[in-house]
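All residue numbers for the sequence shown refer to the working numbering, where the first residue is 1 and numbers rise by one.
Source of the hints: derived by calculation from the structure; they are not laboratory data.
These numbers were taken from a predicted model, which means no experiment stands behind them.
Check each hint, because a few of them may be wrong.
[What the hints assert, rightly or not] Computed cross-link-like contacts, DSS-like style, restricted to lysine-lysine with a CA-CA straight-line distance of at most 27 Å:
{"id": "1", "residue 1": "K62", "residue 2": "K353"}
{"id": "2", "residue 1": "K85", "residue 2": "K62"}
{"id": "3", "residue 1": "K673", "residue 2": "K623"}
{"id": "4", "residue 1": "K85", "residue 2": "K353"}
{"id": "5", "residue 1": "K574", "residue 2": "K491"}
{"id": "6", "residue 1": "K523", "residue 2": "K574"}
{"id": "7", "residue 1": "K623", "residue 2": "K747"}
{"id": "8", "residue 1": "K87", "residue 2": "K623"}
{"id": "9", "residue 1": "K458", "residue 2": "K523"}
{"id": "10", "residue 1": "K673", "residue 2": "K746"}
{"id": "11", "residue 1": "K87", "residue 2": "K62"}
{"id": "12", "residue 1": "K623", "residue 2": "K523"}
{"id": "13", "residue 1": "K523", "residue 2": "K491"}
[Unchecked claim] Computed beta-carbon distance windows for the label pairs:
{"id": "14", "residue 1": "Y483", "residue 2": "L37", "range": "40 to 50 Å"}
{"id": "15", "residue 1": "N666", "residue 2": "S476", "range": "53 to 63 Å"}
{"id": "16", "residue 1": "L170", "residue 2": "L37", "range": "22 to 32 Å"}
{"id": "17", "residue 1": "K673", "residue 2": "P729", "range": "17 to 27 Å"}
{"id": "18", "residue 1": "K673", "residue 2": "N61", "range": "45 to 55 Å"}
{"id": "19", "residue 1": "S476", "residue 2": "N662", "range": "23 to 33 Å"}
{"id": "20", "residue 1": "I42", "residue 2": "D109", "range": "23 to 33 Å"}
All C-beta atoms, glycine included, are put in the ideal place defined by N, C-alpha and C.
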Amino acid sequence: MKRRQRYGHSEKRLQFLFTVVFIVLILSSPSYAQDSLNVRWINACFGNSARDVTYSEIENNKYTFVSLHGSILILNVNDPSHPQKIKEIGHPGEGWLNPLQGCGIAVYDTLFLIACGHYGLWIYNIAVPSNPVRLSTCKTPRASNVAVSGNYAYVADAESGLIIIDISDLTSPQIISNFYIPPPGGVDVVVSDTIAYVAGDEVWIINISNPYQPALISIWNPHNLLEAVTQIDKEGNFLYVTETGISVCGFWIIDVSNPSNPISADSIRVGWARYIDASGQYAYCTAGVGLMILNISNPYNSYPIVTLNIGEDGQGLCSAGNYVYVAAMDSTLIVDASNPANPTIIGVYSHFKNCPRYIVVANNYGYVSMGVDGLRIIDISDPYHLTEIGYCDTPGAAAGIALSDSYAYIADGDSGLRVIDITNPYSPYEIGNLILPNYSFKNIVIDGTYAYIASGIKGLTIVDISNPSSPFFVSSLSPSGGYINATNIVKYRNYIYLLCAAGGVRIIDVSNPYHPFGIGRFKDGCSGGTGFNGDYALVTGCGPIYSVDIDDPSSLVPVDSLSTYYNIGMGDVKLMLHYAVAGGDGIPLYIVDFADPFNIVLSGYYYWNHHISEASFISIALKDNSIFITTDYGLQIFQFYGATGIAESLKIPKTNTSFTLNAEPNPFINNVKINWQIPSDMHFGDRFAQIMIFDVLGRVVKTYSIDKINHNENYVIWDSSDNSNHRLPPGVYFCCFSMNNHSVTKKIILLK
Numbered sequence: 001m002k003r004r005q006r007y008g009h010s011e012k013r014l015q016f017l018f019t020v021v022f023i024v025l026i027l028s029s030p031s032y033a034q035d036s037l038n039v040r041w042i043n044a045c046f047g048n049s050a051r052d053v054t055y056s057e058i059e060n061n062k063y064t065f066v067s068l069h070g071s072i073l074i075l076n077v078n079d080p081s082h083p084q085k086i087k088e089i090g091h092p093g094e095g096w097l098n099p100l101q102g103c104g105i106a107v108y109d110t111l112f113l114i115a116c117g118h119y120g121l122w123i124y125n126i127a128v129p130s131n132p133v134r135l136s137t138c139k140t141p142r143a144s145n146v147a148v149s150g151n152y153a154y155v156a157d158a159e160s161g162l163i164i165i166d167i168s169d170l171t172s173p174q175i176i177s178n179f180y181i182p183p184p185g186g187v188d189v190v191v192s193d194t195i196a197y198v199a200g201d202e203v204w205i206i207n208i209s210n211p212y213q214p215a216l217i218s219i220w221n222p223h224n225l226l227e228a229v230t231q232i233d234k235e236g237n238f239l240y241v242t243e244t245g246i247s248v249c250g251f252w253i254i255d256v257s258n259p260s261n262p263i264s265a266d267s268i269r270v271g272w273a274r275y276i277d278a279s280g281q282y283a284y285c286t287a288g289v290g291l292m293i294l295n296i297s298n299p300y301n302s303y304p305i306v307t308l309n310i311g312e313d314g315q316g317l318c319s320a321g322n323y324v325y326v327a328a329m330d331s332t333l334i335v336d337a338s339n340p341a342n343p344t345i346i347g348v349y350s351h352f353k354n355c356p357r358y359i360v361v362a363n364n365y366g367y368v369s370m371g372v373d374g375l376r377i378i379d380i381s382d383p384y385h386l387t388e389i390g391y392c393d394t395p396g397a398a399a400g401i402a403l404s405d406s407y408a409y410i411a412d413g414d415s416g417l418r419v420i421d422i423t424n425p426y427s428p429y430e431i432g433n434l435i436l437p438n439y440s441f442k443n444i445v446i447d448g449t450y451a452y453i454a455s456g457i458k459g460l461t462i463v464d465i466s467n468p469s470s471p472f473f474v475s476s477l478s479p480s481g482g483y484i485n486a487t488n489i490v491k492y493r494n495y496i497y498l499l500c501a502a503g504g505v506r507i508i509d510v511s512n513p514y515h516p517f518g519i520g521r522f523k524d525g526c527s528g529g530t531g532f533n534g535d536y537a538l539v540t541g542c543g544p545i546y547s548v549d550i551d552d553p554s555s556l557v558p559v560d561s562l563s564t565y566y567n568i569g570m571g572d573v574k575l576m577l578h579y580a581v582a583g584g585d586g587i588p589l590y591i592v593d594f595a596d597p598f599n600i601v602l603s604g605y606y607y608w609n610h611h612i613s614e615a616s617f618i619s620i621a622l623k624d625n626s627i628f629i630t631t632d633y634g635l636q637i638f639q640f641y642g643a644t645g646i647a648e649s650l651k652i653p654k655t656n657t658s659f660t661l662n663a664e665p666n667p668f669i670n671n672v673k674i675n676w677q678i679p680s681d682m683h684f685g686d687r688f689a690q691i692m693i694f695d696v697l698g699r700v701v702k703t704y705s706i707d708k709i710n711h712n713e714n715y716v717i718w719d720s721s722d723n724s725n726h727r728l729p730p731g732v733y734f735c736c737f738s739m740n741n742h743s744v745t746k747k748i749i750l751l752k
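All chains should be built: construct the whole structure from the sequences, respecting the hints.
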């Protein structure tokens, strides 16, 4: 058995896709060389669908670490019948369909390691499991899984084979050697003494007595070229490997008492065998919706004892004592196997069944709709440390969400409009609803006492919410002129912009909510999002990104377009100052400079590095320079640091408008008062103002969002800290005040 605390390995997950198909898909999938330097991933939460699980005991407490699609759950299992979540660690996730991409996990003493695909190896200190600390990362081409022994981490890498990393300095791990394995490279790895066993198409047995010079000992081949090894374990002198292919699925037992001459000892056919863990006289294997227990007391004559129906696909497992921990699609199961002939599920921890759908940010809270998992509320005051604080289930599939006063309004699919009181975000509850037969609510915006709802094939629905506990139907409109499937909705001025999967952008005059009428349309198949800046809009979901003149809403005129490497499909767009954050189905995150509508420019991007399955964007929300994006592998959080230099960061249209900006005292030691005035003829519109402080490299270090502006003096006090409340070093900084696409900048000096 692989000792998870000693060698820290856990089984590889996801069924094997046929090698030929996989290689074709990889070769046909484009990628960027790297992400832009001004967009950085910082955190994630709300992962779904388990992929792997491992076990550890720390300070006399028992824990399981569950790898989800987008995050890692840490569960306390002191009481196996009542597993308790104590923390969630975010990660960028990896491709949904790719069997060789990462987030295999390992525990070694008080270290927790994640093999995170293109993001490499991540190392955490988990001495206090409720407060894991990320120590470092080490970039690898595509880390699939990891094992640890001594001062070395052994990474099975889908592009490079076996990568050996010196982790003696946990803050600065270094790659010291690489043993190349042809595609599909390394899928899984286990280390025993001076030998590493790596699963790929075959099992590669590698001498690592000198980690700087790994050397091949031998290769064990499956019996058929159409089969491939997907996961590996070791107990005593035997390897236990699962394989998947066209003609045979199951697992093999390999005698490696002589590593230079591995011998096939036994094999058993099992439908969709995925993970296997051998311990003593027994081996545990996930096979479809079953957990199979096998007697391996004689590895040359093993046999199944029983198969326990677990009701959902088993994605990973590990054993400890009398318990087997199974990572299934929607839950982590704890199985009592003290009687191998009669195993019993005694504990269940349910994961989220759906990915996050939409997010709205207000103050220090994020309100996230989760489909069948309802409304979830998280504290985002520190985006690096997220905490779920409240939830409210809804009867349908919670989708679009909007906030007004102390209420959250949720478009709940066939279950209509649900109104949730969020006065106390720790204990939200439903106070009202409106269900319309044959209507399916997709997304929602609020303006005053009216809710405007994208209602699929029904088009636009308008609801009076003057009394949140008793909303009532006002009117509806399904615009003519083609198939309507309204999926997204934006209101600007007196107009609704309804984005339809096939029917393009429909513009509807709602100056009288009781009598809405269509006045125009833009393109076909626009199902992305729309962001507004004065008389111009940025529209995604129609292929290229369009800058559109909306001065006459009945006749939208494109004035510029940005053809990206990928065309944005269904997704969203939000504006922060003169930047637009755009994303869509299966493409990177884009930052677009929208200061000049006649010359829109790509200013940054984040590429997800998924060869087969890109991120599925649904919704974007912004807070300061943090970007919250709902995807098919959880809520992902980024930060945008402006352009790479001050000049570009402050790129705006030249205008005759002048602001006055002062800083007193300047230079300063601890605090500086930043005050500004605006011209008396300045119209505020519905744009917000912002103070952004940059360092000399052009990076945003502090941001203040200004909600109320007047023509008299306005000010903020900067205490020389950054957005994480860490004091900044002495030096030169630049303060920028921006509003309505106008800005002014002043140099300030922080002394010791």
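Hint numbers contradicted by this structure: Failing hints, ascending: 12, 19.
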